[in-house]
Amino acid sequence: MINSLRLQNFRSYSDYTTELAPGVNIIVGPNASGKTNLLEAVYVVNRGKSFKVSDKNLIKHNRDWARIDVTDDQGKRIWKLEEKSDKYDKSFNINETIVKRLTTKRQRATTLFEPTHLRLLNGSPETRRTYLDQILVQTSYEFAAALSKYNRALRQRNSLLKQSKRTSSDDMFVWDVKLSEYGGLVNRQRKDLIKHLNAVAGKNYSKIAGKKTMVNIEYVDTITAKDYTSGFLKVLQESLPSDTMRGFTSQGPHREDFKVLIDGEDSSVTASRGESRTLVLVLKLIELKLLEKELGQKPTLLLDDVFSELDGKRRRALTEHISGYQTLITTTDAEAVIEHFNTGEYKIIPTVRS
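Under the numbering used here, the first residue of the sequence shown carries the number 37, and numbering increases by one thereafter.
Rather than coming from a laboratory, the hints here were simulated on the basis of the structure. A few of these clues could be false.
Said to hold, decoys possible - Calculated pairs, DMTMM-like style, for lysine to aspartate or glutamate (alpha carbon to alpha carbon, straight line, at most 20 Å):
id : residue 1 : residue 2
1  : Lys112    : Asp207
2  : Lys92     : Asp125
3  : Lys227    : Glu217
4  : Lys136    : Asp125
5  : Lys295    : Asp347
6  : Lys248    : Asp299
7  : Lys329    : Asp169
8  : Lys88     : Glu150
9  : Lys185    : Glu150
10 : Lys123    : Asp100
11 : Lys227    : Glu330
12 : Lys383    : Asp207
13 : Lys243    : Asp347
14 : Lys92     : Asp51
15 : Lys126    : Glu150
16 : Lys88     : Glu132
What the hints assert, rightly or not - Distance windows between CB atoms, simulated:
id : residue 1 : residue 2 : range
17 : Lys262    : Thr368    : 21 to 31 Å
18 : Thr280    : Trp101    : 42 to 52 Å
19 : Ser121    : Glu375    : 50 to 60 Å
20 : Ser121    : Pro277    : 39 to 49 Å
Note that the Cβ used here is the ideal one computed from N, Cα and C, for glycine as well.
Using the sequences and the accompanying hints, generate a full structural model.
As structure tokens, this is what we get:
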């Protein structure tokens, strides 16, 4: 739980300090006043990177360094980024221990809910894969390592595909084996997560919607073999000619997806706007509870202007579930958020240009 936050040369802030309440913190200000930058700073210090931009864009314009200082219930955490000869040097100071990257074990559980997430069900497959992966990298060290290794092997294979005339079959086979091995781990854990989502999604959806509804989440494989790893290796070898023509790897976990069915119908096709938003809200609340269960710590909840995108019923459902979590909510309309909380349950933080 964060007690205080100081930003120096971070995004729009020159030097800004604020204290946070252990419960709900409502960050109020007009558009382009730096509200989201505060959420982004918390995300960076908790997770090690921004959810919006690359590191170089986190430094305030015409400055060559940025810094975030946080005091929380476990001590002090400092994130620093410096521009040095067109390169960017990032470091973390955690209770006087300096590290260059924030490993999964050093990260703090964080759930982000922003307006773009409302397009989860009818957006791109990459958006849905990211939803699963962002949960899994926080809850499974094995998955985080496997996904990183998979992505590295994928980049190597794609690079070889683009220079196929100079690539031997033995070189390609080495990366095919690595892809199939790490891909099998990624696929298996995503499917395990889907099983968990299926176990609770219908009940949660029915509670918010006010009527009994069947919700089923189906993972869409690119590999149909019973043994995914061996099946994937076979597909990689068989698709080599066509992949060489395309210049990229056409099948595997990086091309997979999931779909959500409401009463047997594909929600991306048949769901109303309200139904889609209820489903996304359900998925984000499941994420919040799952992180707490798996990590043994309450996640920090970041709500970036989502109240304006939800109707009264869904706002109430959201606020009922965030009790006990440190929450940061950005809004241009404080009254629209305050009306869902009792006096003393929240702190107002007005944005101030620094």
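Structure versus earlier hints - violations, ascending order = Result: hints 1, 5, 9, 12, 15, 16 and 17 break, sorted rising.
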